[in-house]
Amino acid sequence: MEPDYKVIEDTLIVYPPQELDHHTAFAVKQYSEEIIRKGMIRNIIFDFSNTTFMDSSGVGMIMGRYRLIQEKSGYIGVRGVSAAIHRILELSGLYKLVKVCE
Amino acid sequence: MEIQEMVMEFDSSSSNESFARVAVAAFAARLDPTMEEITDIKTAVSEAVTNCIIHGYESTEGKIRVECKIQNDELFITVMDRGCGITDLEKAMEPLYTSKPELERSGMGFAFMEAFMDELKVSSMPMAGTIVQMRKKIAKKPEMV
Chain D
10 MEPDYKVIED TLIVYPPQEL DHHTAFAVKQ YSEEIIRKGM IRNIIFDFSN
60 TTFMDSSGVG MIMGRYRLIQ EKSGYIGVRG VSAAIHRILE LSGLYKLVKV
110 CE
Chain F
12 MEIQEMVMEF DSSSSNESFA RVAVAAFAAR LDPTMEEITD IKTAVSEAVT
62 NCIIHGYEST EGKIRVECKI QNDELFITVM DRGCGITDLE KAMEPLYTSK
112 PELERSGMGF AFMEAFMDEL KVSSMPMAGT IVQMRKKIAK KPEMV
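Line by line, the protein sequences give chains D and F. Residue numbering for the first sequence follows the working numbering, beginning at 10 and increasing consecutively. Residue numbering for the second sequence follows the working numbering, beginning at 12 and increasing consecutively.
In short, the hints are calculated from the structure, not lab data. Given the structure is predicted, the values throughout are model-derived calculations rather than measurements. You may find that some hints are simply not true.
For lysine-lysine, the following DSS-like pairs were computed, each having C-alpha atoms within a straight-line distance of at most 27 Å [claimed, not checked]:
id	chain 1	residue 1	chain 2	residue 2
1	F	Lys-102	F	Lys-147
2	D	Lys-47	D	Lys-81
3	F	Lys-111	D	Lys-105
4	D	Lys-38	F	Lys-111
5	F	Lys-151	F	Lys-132
6	F	Lys-74	F	Lys-102
7	F	Lys-80	F	Lys-148
8	D	Lys-105	F	Lys-102
9	F	Lys-111	D	Lys-81
10	F	Lys-151	F	Lys-102
11	D	Lys-47	D	Lys-15
12	F	Lys-148	F	Lys-132
The task is simple: from the sequences and hints, build the whole structure.
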């Protein structure tokens with residue numbers, strides 16, 4: 010299943026699926042990679058408004074995109090974070106790498 | 012003392028990750044957990060099962076066995092594979108360490124299991140498999156008046 014995306018200027022907005030695990034993180038990685046390769050993307054915002062579950066596979070996927078975007082001096086943003094996703098971002102230390110954009 | 016048990020065995024396919032965590036969460040529902048406790052249980056099961064698929068069986072075919080037990084107000088979960096096992100368990104359990112960085116693993120799997128459950132025990136034998144045992148106490152909710 011193709012995840013939802015939106016591109017605004019040099020920012021890619023990714024809407025991860027409802028449950029972001031090992032199974033679904035791979036698809037998000039592949040499609041976002043494709044868009045980044047094609048366009049002039051510098052920043053990625055993960056919009057978690059529709060995501061209710063995320064485990065360490067989601068963390069690994071975001072870290073992977075962070076490394077990629079760092080080479081372009083861009084940033085990774087998150088928004089629409091629920092309590093469950095917030096705990097994962099906090100516990101994994103991802104808040105040190107990503108910025109909260111509401 | 013009331014004991015209730017549930018056992019399931021399924022293929023080491025990534026599409027079974029969501030199946031496994033939902034099944035365990037549904038079993039745990041009889042302890043009347045909060046939303047947060049359900050998410051804790053789902054996350055821990057997801058981590059353990061994903062480990063079996065990626066590390067235990069290294070993305071080849073195998074069977075994963077999950078055993079659950081409710082005893083009084085505690086949930087016990089055991090996740091087992093008959094895969095390659097873990098040679099350096101201490102290293103594997105270090106937060107942020109991963110043997111598979113090329114697969115974008117965060118190295119947070121065991122740390123999440125530890126954080127979201129009350130107890131985590133891992134035993135592993137190279138070439139034989141790995142057993143992950145977890146325990147979580149589900150707090151009694153005040154009676155509705």
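Requested in this report: Hints the structure violates: just list their numbers, smallest first.
Outcome: Hint check: 10 fails alone, others pass.
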